[in-house]
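**Student:** Each chain, written out:
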Amino acid sequence: GIQVEQSPPDLILQEGANSTLRCNFSDSVNNLQWFHQNPWGQLINLFYIPSGTKQNGRLSATTVATERYSLLYISSSQTTDSGVYFCAVLMKTSYDKVIFGPGTSLSVIP
Amino acid sequence: DVKVTQSSRYLVKRTGEKVFLECVQDMDHENMFWYRQDPGLGLRLIYFSYDVKMKEKGDIPEGYSVSREKKERFSLILESASTNQTSMYLCASSFDSGARYGYTFGSGTRLTVV
Numbered sequence: 001g002i003q004v005e006q007s008p009p010d011l012i013l014q015e016g017a018n019s020t021l022r023c024n025f026s027d028s029v030n031n032l033q034w035f036h037q038n039p040w041g042q043l044i045n046l047f048y049i050p051s052g053t054k055q056n057g058r059l060s061a062t063t064v065a066t067e068r069y070s071l072l073y074i075s076s077s078q079t080t081d082s083g084v085y086f087c088a089v090l091m092k093t094s095y096d097k098v099i100f101g102p103g104t105s106l107s108v109i110p
Numbered sequence: 001d002v003k004v005t006q007s008s009r010y011l012v013k014r015t016g017e018k019v020f021l022e023c024v025q026d027m028d029h030e031n032m033f034w035y036r037q038d039p040g041l042g043l044r045l046i047y048f049s050y051d052v053k054m055k056e057k058g059d060i061p062e063g064y065s066v067s068r069e070k071k072e073r074f075s076l077i078l079e080s081a082s083t084n085q086t087s088m089y090l091c092a093s094s095f096d097s098g099a100r101y102g103y104t105f106g107s108g109t110r111l112t113v114v
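From first to last, the protein sequence lines are chains A and B. Under my numbering, think of the first position of the first sequence as 1, with each following residue one higher. Under my numbering, think of the first position of the second sequence as 1, with each following residue one higher.
In case anyone wonders, no lab produced these hints; they're calculated from the structure. Being a predicted model, the structure only gives us computed values, none of them experimental. Virtual Cβ for every residue (Gly too), placed ideally from N, Cα, C. Among the clues, some could well be false.
If you want a taste of the chain B side facing chain A, the calculated C-beta under 7 Å gives, among others [claimed, not checked]:
1. Y10
2. L43
3. S107
To list a few chain B residues with every Cβ distance to chain A over 10 Å, as calculated [unchecked claim]:
4. T15
5. F20
6. D28
7. H29
8. L41
9. R44
10. L45
11. S67
12. S75
13. E79
14. Q85
15. S87
16. M88
17. T104
18. T112
Chain B is nowhere near these chain A residues, computed Cβ spacing over 12 Å in every case [what the hints assert, rightly or not]:
19. V4
20. P9
21. Q37
22. N38
23. L59
24. V64
25. T66
26. L71
27. D81
28. P102
29. L106
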């Protein structure tokens, strides 16, 4: 089956620093999404980005589908950015199935 | 404010008990999903439903069943709870099966089986 990998698994940042999170996937996909899970467990959809680049405030994401990876950029990090970031891919199979990566745990310290 | 509501935030049950986890969405979404989340494993799909009374197995359906009698409600049932079912359970809904417009997640139920 399709494999979804994320790196790094853990990241600690000083407030104000920038970071890049990576998601690699092993097969062709129909779409890719980035989610943020806050420390209280709530999952929020950040981006739907099967290809190209999108930006939303301090966050932006780029997916290069032909090379099977996606990047999530966080600029000027804030303590509220802490939590786990997941990428999730939709397989090109007979039925729609979203597969989540293992996540990157981010801690932003003041 | 649209949302997905899970009935319990924390739950402690004994081995062998029948456990019901309830999820209700108010967005008139066709598609609903149950995931479990374990450290280092990300989210794994247990069951999903595209319509009322319809269900499909996900990656790890063993030991679970589901019920969708009404469009807004999707229940996860542990027929006989076991300690390896201790986990965080997340319910989600989406407008379409591929979640092209995004999943909306509930706040999760942290289940402990003792």
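**Student:** Would you mind marking each hint as holding or not holding in the structure?
**Tutor:** Hints and how they fare:
Violation of the interface hint for B/Y10 is found here, the shortest Cβ-Cβ separation to chain A being roughly 11 Å, above the 7 Å cut-off. Taken as an interface hint, B/L43 checks out: its beta carbon lies about 4 Å from the nearest beta carbon of chain A, inside 7 Å. A least Cβ separation of about 5 Å between B/S107 and chain A falls short of the 7 Å threshold, and the interface hint therefore holds. Chain A leaves B/T15 outside its interface by the beta-carbon criterion, the shortest separation being 24 Å against a cut-off of 10 Å.
Distance check for B/F20 against chain A: the nearest CB is about 20 Å away, which clears 10 Å, and the non-interface claim stands. Residue-level check passed: B/D28 sits 18 Å from the nearest beta carbon of chain A, beyond 10 Å. Residue-level check passed: B/H29 sits 13 Å from the nearest beta carbon of chain A, beyond 10 Å. Annotated as non-interface, B/L41 brings its C-beta within 10 Å of a C-beta of chain A; the closest such distance is 7 Å.
Remark: the non-interface label on B/R44 conflicts with the geometry, its nearest Cβ contact in chain A lying 8 Å away (cut-off 10 Å). Non-interface status of B/L45 relative to chain A is broken: a Cβ of that chain comes within 10 Å, the nearest being about 7 Å off. Every beta carbon of chain A lies more than 10 Å from that of B/S67, the smallest distance being close to 21 Å; the non-interface claim holds. Every CB of chain A lies more than 10 Å from the CB of B/S75, the least distance being 20 Å, so the non-interface label holds.
For B/E79, the condition that its CB be more than 10 Å from all CB atoms of chain A holds, with the nearest at approximately 24 Å. For B/Q85, the condition that its CB be more than 10 Å from all CB atoms of chain A holds, with the nearest at approximately 18 Å. Even its closest Cβ contact with chain A, about 12 Å, leaves B/S87 beyond 10 Å, as expected for a residue assigned away from the interface. The beta carbon of B/M88 is not kept farther than 10 Å from every beta carbon of chain A, the shortest such distance being approximately 7 Å.
The Cβ of B/T104 does not lie farther than 10 Å from every Cβ of chain A; its closest approach is about 7 Å, which violates its non-interface assignment. Distance to chain A confirms B/T112 as a non-interface residue, since its nearest Cβ pair spans about 15 Å, more than 10 Å. Under the 12 Å C-beta cut-off, the non-interface status given to A/V4 relative to chain B is violated; the minimum distance is some 8 Å. Listed as a non-interface residue, A/P9 fails to keep its Cβ farther than 12 Å from every Cβ of chain B; the least gap is roughly 8 Å.
Not every beta carbon of chain B lies more than 12 Å from that of A/Q37, the smallest distance being close to 8 Å; the non-interface claim is violated. Residue placement check: A/N38 does not keep its beta carbon more than 12 Å from all beta carbons of chain B (closest about 10 Å). For A/L59, the non-interface assignment is confirmed: its Cβ lies about 15 Å from the closest Cβ of chain B, beyond the 12 Å cut-off. Interface exclusion of A/V64 from chain B stands, the closest Cβ pair being 19 Å apart, more than 12 Å.
Non-interface status of A/T66 relative to chain B is upheld: no Cβ of that chain comes within 12 Å, the nearest being about 20 Å off. Taking the minimum C-beta to C-beta distance to chain B, about 18 Å, the non-interface status of A/L71 holds against the 12 Å cut. Listed as outside the interface, A/D81 is consistent with that label: its C-beta sits roughly 18 Å from the nearest C-beta of chain B, beyond the 12 Å cut-off. The Cβ of A/P102 does not lie farther than 12 Å from every Cβ of chain B; its closest approach is about 4 Å, which violates its non-interface assignment.
Consistency note on A/L106: stated as away from chain B, and its beta-carbon is indeed over 12 Å from all of that chain's, at 15 Å minimum.
Violated hints for the displayed structure, listed by number in ascending order: 1, 8, 9, 10, 16, 17, 19, 20, 21, 22, 28.
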